[in-house]
Amino acid sequence: MKLQNDLILRAAKGESIERYPVWLMRQAGRILPEYRAVRSKLSGFKELVETPEFAAEVTIQPVDILGVDAAIIFSDILVVPEAMGLEYQMLEAKGPWFEKTIRSEESLKFAETNFDIEDRLGYVLEAIRITNKELGGRVPLIGFAGAPWTIFCYMVEGHGSKTFSESRKLLYTNPVLAHELLGRITDVTIKYLKAQANAGAHMLQLFDSWAGILGTVQYAEFGLKYIDKIVNAINEVPITIFSKGAISSVEKIAKLNCNTVGLDWNMDIAKIREQIGETRTLQGNLDPCALYASHNEVENSTIEMLNSFKSKRHIVNLGHGVYPDIDPEKVKTFIKTVKDYEIK
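Numbering (my numbering), first residue to last: 7 to 350.
Rather than coming from a laboratory, the hints here were simulated on the basis of the structure. Don't take every hint at face value.
Below, simulated DSSO-like cross-link-like pairs (lysine-lysine); rule was C-alpha separation at most 30 Å, straight line [stated by the list, open to error]: (1) Lys336 / Lys316; (2) Lys8 / Lys200; (3) Lys231 / Lys277; (4) Lys261 / Lys175; (5) Lys139 / Lys342; (6) Lys350 / Lys277; (7) Lys115 / Lys200; (8) Lys338 / Lys52; (9) Lys168 / Lys277; (10) Lys100 / Lys336.
Across the chosen pairs, the derived CB separations fall in these ranges [unchecked claim]: (11) Glu335 / Ala99: 22 to 28 Å; (12) Leu114 / Lys231: 51 to 57 Å; (13) Phe121 / Glu348: 49 to 55 Å; (14) Glu111 / Ile309: 50 to 56 Å; (15) Val182 / Ala99: 34 to 40 Å; (16) Lys231 / Glu335: 17 to 23 Å; (17) Glu335 / Ser314: 37 to 43 Å.
Built from N, CA and C at the ideal position, the CB exists for glycine as well.
Kindly produce the complete structure, drawing on both the sequences and the hints.
Written out as structure tokens, the structure reads:
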């Protein structure tokens, strides 16, 4: 199906664009009353993720309501460990919870790799198919997965954490086990991302949410090493790497076989562009909290960010996911400002 708006794909490939494309991480979600209305029909977050028709509906909502240049499939990074055999629950106000964890060789039985992706994750692939059909080519659809290090953190820790000390401890006390688990996650993630592309995802993004809790050397060994394997295996569609907090590793990330490097809001766009040149597209990176300000201030902050770009190779986004209590009208102001901005 021919896309009516392929701005984001052209930007990712370094091709000519007439304006900067814009979308938001976590755009399909709690900021929209329409999302909450769909969610209220179901038992909870997981049922929404696992019901393709509803997942497709909330994926499309930001395209209709906010006017973004891409949809991102409504899912969760934790569907991968669950497919591998480590079931999770999503607890209200507490986040993800795994009853079992992987901290020993014996517990690796909860990290299967030899299974059919369509069998265990077919609900995500079906949501992609339905979404594309209903979008009718209006905008591209982004698929995603968690990067191996971030998935590793949840599989070892069993829940969210400020420090992920159990995960980091394993790197020192049993690096062989750590590499085995990371390798298994990587193998499944490659198959899963390829399946998303084959189902109709036009772009893919790897979310390494906990990249910043590792030092530069450890991140190279336990993070980038496995991301490198993934991006070298994905040749179907453009791919973005978003490593939150990994400021000292941006140059290394830009040398990987990706199209786009996602920046969090603490990263200086102009400095990073100077570091990596025109070799990669950058994505980001307005502070999500800037959207709490007045409409006029949101517009000014957005223009200030846009003025900092030194290249057309840019996809506009926030520096992390949009927060759930942000006014959707402020998001619309952000998006309109980007769309009205004239590239110099």
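Against the structure, the hints:
1. This hinted pair checks out: Lys336 and Lys316 have alpha carbons roughly 26 Å apart, not beyond 30 Å.
2. Restraint check: the Cα-Cα separation between Lys8 and Lys200 comes to about 21 Å, which is no more than 30 Å; the hinted pair holds.
3. Taking the CA atoms of Lys231 and Lys277, the gap is about 25 Å. The hint holds against a cut of 30 Å.
4. Between Lys261 and Lys175, the direct Cα distance comes to roughly 29 Å. Compliance with the 30 Å bound is thereby established for this hinted pair.
5. The hinted pair formed by Lys139 and Lys342 meets the criterion: a straight-line CA distance of about 26 Å does not exceed 30 Å.
6. Proposed proximity of Lys350 and Lys277 is supported: the alpha carbons are some 19 Å apart, at most 30 Å.
7. At most 30 Å may separate the alpha-carbon atoms for a hinted pair to count; Lys115 and Lys200 meet this at roughly 24 Å.
8. Restraint check: the Cα-Cα separation between Lys338 and Lys52 comes to about 28 Å, which is no more than 30 Å; the hinted pair holds.
9. Of the supplied pair hints, the one linking Lys168 and Lys277 holds, its CA atoms being roughly 28 Å apart against a limit of 30 Å.
10. With a CA separation close to 27 Å, the supplied pair Lys100 and Lys336 stays within the 30 Å bound.
11. Distance hint for Glu335 and Ala99: a CB-CB separation of about 26 Å, consistent with the stated range 22 to 28 Å.
12. About 19 Å separates the C-beta atoms of Leu114 and Lys231, a value inconsistent with the hinted range of 51 to 57 Å.
13. Checked against the hint of 49 to 55 Å, the pair Phe121 and Glu348 passes, with Cβ atoms roughly 50 Å apart.
14. The hinted range of 50 to 56 Å is satisfied by Glu111 and Ile309, whose Cβ atoms lie roughly 55 Å apart.
15. For the hinted restraint 34 to 40 Å between Val182 and Ala99, the CB-CB distance of approximately 37 Å keeps it satisfied.
16. For Lys231 and Glu335, the hinted distance range of 17 to 23 Å is not satisfied, since their beta carbons lie about 43 Å from each other.
17. Under the hint 37 to 43 Å, the C-beta atoms of Glu335 and Ser314, about 25 Å apart, miss the expected range.
Of the numbered hints stated above, those contradicted by the structure are hints 12, 16 and 17, listed in ascending order.
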